[in-house]
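Participant: Okay, here's what each chain looks like letter by letter:
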Amino acid sequence: QQKVQQSPESLSVPEGGMASLNCTSSDRNFQYFWWYRQHSGEGPKALMSIFSDGDKKEGRFTAHLNKASLHVSLHIRDSQPSDSALYFCAASEPSNNRIFFGDGTQLVVKP
Amino acid sequence: EAAVTQSPRNKVTVTGGNVTLSCRQTNSHNYMYWYRQDTGHGLRLIHYSYGAGNLQIGDVPDGYKATRTTQEDFFLLLELASPSQTSLYFCASSGTGGSSYEQYFGPGTRLTVL
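Top line first, the protein sequences correspond to chains A and B. Going by the numbering used here, the first sequence opens with residue 9, and the numbers climb by one from there. Going by the numbering used here, the second sequence opens with residue 27, and the numbers climb by one from there.
Only chain B is shown next, with the shape it has when bound in the complex (with noise of 0.2 Å):
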């Protein structure tokens, strides 16, 4: 099965401050995504990639970078975190012509900007 593994599990921070949260696939999958997900808005997508390199904008992009470094690794940045960030994020993968692939999920951070 498709290992999607994300660190931190748990990160605190203060308003103003940087976070960093990485993710890593292992099955090869060309597409990444992130979304942060709260209470009442379901799964809402910031980034996503094709590949290294490669950068798309998703639905909530305001106050978050991504970088796709190789195939496996997806690191999704916060410069001058605000607790509106506040959330639990979720990393996923998929195969090549991802609309009719399923989406791999990580098991997710919670990120807490105090």
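So that you can see chain A by itself, here it is in the shape it has in the complex (with noise of 0.2 Å):
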């Protein structure tokens, strides 16, 4: 079973519009949670993370966690075309060296 879901799989907004996107784990061990970006021809690029419960913002972005449902959102205001990515939720426990990565949301902000 994956560790790591992640939906919808894929979301289309307007520019300047609101992109939500959800993640949800089943480990109870995780503790770290992060949101990676891949734009097209590049590798995975650590957007945010999030270790605490509640909100984290960075200028458009804001995750939220909530560890005792084990989800995860990010929520990027004021979509720009420059947002279209897929991007990947991603979680991990204190004992492993290790993340485990969602399937990933892929997101197209439309001029």
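Just so you know, the hints here were simulated from the structure itself, not pulled from any lab data. None of the values given here were measured: they were computed from a predicted structure. Do not rely on the hints blindly, as some may be mistaken.
What the hints assert, rightly or not - List of simulated lysine to aspartate or glutamate pairs, EDC-like, C-alpha gap at most 16 Å:
id, chain 1, residue 1, chain 2, residue 2
1, A, Lys-53, B, Glu-128
2, A, Lys-75, A, Asp-35
3, A, Lys-11, B, Asp-85
What the hints assert, rightly or not - One side of the interface only, derived from the structure: several residues of chain A facing chain B at Cβ under 8 Å:
id, residue
4, Glu-50
5, Gly-51
6, Pro-52
7, Lys-53
8, Ala-54
9, Phe-96
10, Asn-105
11, Ile-107
12, Phe-109
13, Gly-110
14, Asp-111
15, Gly-112
Glycine is no exception: its CB is placed at the ideal position from the N, C-alpha and C atoms.
Got two chains here, separate frames each, mind docking them using the hints?
Facilitator: The following block contains the structure:
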């Protein structure tokens, strides 16, 4: 069973709109959560990390973590065409030196 | 910013051929990883290492060998390549205590096995 599940698989939003991506994990040992972004033709790059319950805001990006439900979300306000990319949710546990990735959400921001 | 380089960027081989993918990081990171990326499967971990001479098995190791020769260099070896190994391969590195540290990815190698 995949340890990290993402939804939706794909998402299309208009320029200036709000994009909301969701992620749920099945392993209660997970303590660290990440969002990675991959533009076409490039390797993934870490976008945000969130380790504590609540919200973490970085510019137009806000991550939300609820450890009790093992749910993480990413919200992108005022979406721009340059935000179009594949977004991965990732999770890890303190005793393990690897990260488990979800299958990704393909975001398209239409001008 | 952390730098991870991979070579070659593209590779075409035939079924049964031998392939070596190379990865180098110049950031003194202890951990290095090899992933494959396929549509619908996201990033799947093949092998990883926490230092020269060390090798840890990932989730999809069958058909792959790996070797970490130095702190900087990590190689992925495909002996007797098969069409099912056609994929996009990424190398990544991270610092000590890997789970809470960001992974830095290389640009990828696209491998086609005919």
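Participant: Each hint should be assessed against the structure and marked as holding or not.
Facilitator: Do the hints match the structure? See the list:
1. Lys-53(A) with Glu-128(B): Measuring from Cα to Cα gives roughly 9 Å; hence the hint holds.
2. Lys-75(A) with Asp-35(A): Measuring from Cα to Cα gives roughly 11 Å; hence the hint holds.
3. Lys-11(A) with Asp-85(B): Status holds; Cα separation ~12 Å.
4. Glu-50: holds, 6 Å
5. Gly-51: holds, 3 Å
6. Pro-52: Holds - the Cβ of Pro-52(A) comes within 8 Å of chain B, reaching about 5 Å at its closest.
7. Lys-53: With a minimum Cβ separation of about 7 Å from chain B (threshold 8 Å), the hint on Lys-53(A) holds.
8. Ala-54: holds, 4 Å
9. Phe-96: Holds, because the Cβ-Cβ distance from Phe-96(A) to chain B comes to roughly 6 Å (cut-off 8 Å).
10. Asn-105: Nearest chain B Cβ about 3 Å off; hint holds.
11. Ile-107: holds, 6 Å
12. Phe-109: It holds, given that the least Cβ distance between Phe-109(A) and chain B is near 4 Å, below 8 Å.
13. Gly-110: holds, 6 Å
14. Asp-111: Asp-111(A) check passes; min Cβ-Cβ to chain B is 4 Å, inside 8 Å.
15. Gly-112: Because about 5 Å separates Gly-112(A) from the closest Cβ in chain B, which is inside the 8 Å limit, the hint holds.
The structure agrees with every numbered hint stated previously.
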